[in-house]
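*Asks:* Chain R: place on chain F using the hints.
Below, each chain spelled out in residue letters.
There are 2 protein chains.
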Amino acid sequence: MPSSRQVLLAARPVGEVKASDFEVVEVEVPEPSENEFVVELTHLSIDPAMRGWMNDVRSYVPPVGIGEVMRAGAVGRVTASRHDGFAEGELVRGIFGVTEHAVSDGGGVDKVVLGGASEATHLGVLGLTGMTAYFGLLDVGRVQPGDTVLVSGAAGAVGSVVGQLAKIKDARVVGIAGGPEKCGMLVEELGFDVALDYKSDDFRSDLRKHTPDGVDVFFDNVGGKILDLGLARLARGARVVICGAISQYNNTGPAPGPSNYMMLLVARATMAGFLVFDYADRYPEAAAEMSKWLSEGRLKSIEDTVRGDVGSFPEMLARLFAGRNTGKLVLELDR
Amino acid sequence: MPSSRQVLLAARPVGEVKASDFEVVEVEVPEPSENEFVVELTHLSIDPAMRGWMNDVRSYVPPVGIGEVMRAGAVGRVTASRHDGFAEGELVRGIFGVTEHAVSDGGGVDKVVLGGASEATHLGVLGLTGMTAYFGLLDVGRVQPGDTVLVSGAAGAVGSVVGQLAKIKDARVVGIAGGPEKCGMLVEELGFDVALDYKSDDFRSDLRKHTPDGVDVFFDNVGGKILDLGLARLARGARVVICGAISQYNNTGPAPGPSNYMMLLVARATMAGFLVFDYADRYPEAAAEMSKWLSEGRLKSIEDTVRGDVGSFPEMLARLFAGRNTGKLVLELDR
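As you go down the protein sequences, you meet chains F and R in turn. Position 65 of the first sequence, counted from 1, bears residue number 65 in the working numbering, the numbering being contiguous throughout. Offset between the second sequence (1-based) and the working numbering: plus 1000.
If we strip away everything but chain F, and leave its shape as in the complex, we get (with noise of 0.2 Å):
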């Protein structure tokens, strides 16, 4: 019988994710029932709200049971179908999980038409990485031309096109990301007004210096200390968008909040937090403009995509929360 390897949720993680909160288990491919379909997963996205999934608290979605396949996106094959949407040889992206092969009644799950873009393409700029970008910065930060526009983690799969995209709605963007390499980037291939290196010694005066007229959106993808120095610098009116705090998923304790939040009043500012999955009607709209701005080269996609196998996972999980990833992490199988 053919098998198919899946990594399933063994422990819920204490800090860091290590192999051993993981168990790899081989199974027989598995066999559609009525209306269902079988994907062989080809892509995964590695993503920081998968850290979150893990822990048993209240949040937006349940959390991974112990035992059970972990959670992810990914793109696939169809190569078994009993499902009159889904017919064999299809391309499809869904919330897979973690495995080699998936059953799928088809909730969900969407076809992909490659058009010239590559599947990570499909998984990030113009997947839920982009729309939360879109509707983030557009919708929830409510982005105008001539406004500064701060991002943290601008060299992540989020707010690289974050920044982008407001440089497309013609605003300065000053990004914040770890180490010259990253920066460089941001300036010279995305266009980025500036770019900050978070551990340089210079960095909270690097801030105040490239934002003389204050921040009217915040994009906040990392929480923490760079939360607290980006509220600092508010203008007034401005918009906060609350969209992730990678650099406290994997705290012991509580994190720490941010002190300077009565900036909110001081700048008569609004701190929102969003799901992506609420504009789920509109992501076509959205990826149809994104789809459009990539053929015209005026969006790029930064991809950082590592082949290897479903066992490579907590690997990967903790290349995301190092930093050593540039743009969109995604794990391409090896079979």
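Keep in mind that the hints were calculated from the coordinates and are not lab data. Mixed in with the good hints there might be a few duds.
[Unchecked claim] From the structure, some residues in chain R lie toward chain F, with a derived Cβ separation under 7 Å: (1) Ser1059; (2) Ile1242; (3) Ala1245; (4) Pro1254; (5) Gly1257; (6) Ser1259; (7) Met1262; (8) Leu1265; (9) Val1266; (10) Arg1268; (11) Ala1269; (12) Thr1270; (13) Met1271; (14) Gly1273; (15) Leu1275.
[Said to hold, decoys possible] Some residues of chain R that are not near chain F, with every Cβ distance over 12 Å (derived): (16) Arg1005; (17) Val1025; (18) Asn1035; (19) Arg1172; (20) Gly1179; (21) Glu1188; (22) Asp1202; (23) Glu1303; (24) Thr1305; (25) Gly1311; (26) Leu1320.
Just so it is clear, CB atoms sit at the ideal spot from N, CA and C, and this is done for glycine as well.
*Replies:* Same frame as chain F, but now just chain R:
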């Protein structure tokens, strides 16, 4: 020569204000120059925001300078005038300072027609306190019928008005205050649905129990732990109104920020700061509505008027920060 006493800021307070942070000086009663008038103050508004005005930090108004008269809102009577707009004998309200007599050019001063309400009420429900509650709850918090509204500092000047306005708007109101007396007053006199004593051992579980469907509007006057606990109760689409953080104003280090701010993301919620001054052009509309509700008995003015001379200002502030007041704290000047 008749003399007048004033309270000057003598030192930047560290932590709680001390009597030695102020100096009481005796000066001649001023004479008005052309286009000026002199006010003899009768009632001084004692507000949490005063503590922030003493710190040398960037905020929405410049700090009070060392050696300057301490800033305060007040009501008083014009005793001499060379100003066409203000005649001797008129009752006026403005930011006159902690002083027995003030000279004014009329900037930011309005005339008070008591209309059956006391001077304290014109500093409280009908003054900036009431305006803060009105615009904070209705405009920033966008309260809707059926909402659950959580108010911290609920027995304070702003909080006691916020809760009553929320009832007028057909919301369910949960107040947080310190001690059984204040809590009893909120429910029995002001019609709050529930009042929770944050000093009680059961406070956390009581808060959960009395917000079974979460909190739609959280109007926070206190910051600190109560802000954090309130954030953990947000309903989807909640609005958090940041009005103040009295529990943190005497901190000597950076205030701890709200650890639970990521609940903004989980709940797709918004946290907004505001300053009442931005609504100045709508004060007349709000004051007219508040007056009507007062006269109909739907809104009560809770006042804590203490008689004393300007020299008792530091004690009044200490009273406020110890939570020993209920409702609007006013110093009625004894001459």
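*Asks:* The structure should be examined with respect to each hint, and the outcome stated for every one.
*Replies:* Evaluation of the provided hints:
1. Ser1059: 5 Å, holds
2. Ile1242: 5 Å, holds
3. Ala1245: Nearest chain F Cβ about 6 Å off; hint holds.
4. Pro1254: Constraint on Pro1254/R satisfied, holds at 4 Å.
5. Gly1257: For Gly1257/R, the interface hint holds, since the closest Cβ of chain F sits about 3 Å away, which is under 7 Å.
6. Ser1259: Holds, because the Cβ-Cβ distance from Ser1259/R to chain F comes to roughly 4 Å (cut-off 7 Å).
7. Met1262: 6 Å, holds
8. Leu1265: 3 Å, holds
9. Val1266: Holds: closest Cβ of chain F sits about 5 Å from Val1266/R, inside 7 Å.
10. Arg1268: 6 Å, holds
11. Ala1269: Result: holds, 6 Å to nearest chain F Cβ.
12. Thr1270: 4 Å, holds
13. Met1271: 5 Å, holds
14. Gly1273: Holds, because the Cβ-Cβ distance from Gly1273/R to chain F comes to roughly 3 Å (cut-off 7 Å).
15. Leu1275: 6 Å, holds
16. Arg1005: 32 Å, holds
17. Val1025: Holds: least Cβ distance 31 Å, greater than 12 Å.
18. Asn1035: At about 31 Å from chain F, Asn1035/R clears the 12 Å cut-off, so the statement holds.
19. Arg1172: 22 Å, holds
20. Gly1179: 26 Å, holds
21. Glu1188: 32 Å, holds
22. Asp1202: For Asp1202/R, whose nearest Cβ neighbour in chain F is about 21 Å away, the distance exceeds 12 Å, so it holds.
23. Glu1303: The claim holds: Glu1303/R sits with its nearest Cβ about 25 Å from chain F, beyond 12 Å.
24. Thr1305: Per Cβ check, Thr1305/R is outside 12 Å of chain F; nearest 28 Å; holds.
25. Gly1311: 31 Å, holds
26. Leu1320: About 18 Å separates Leu1320/R from the closest Cβ of chain F, which puts it past 12 Å; holds.
In the structure shown, no violation is registered for any of the earlier numbered hints.
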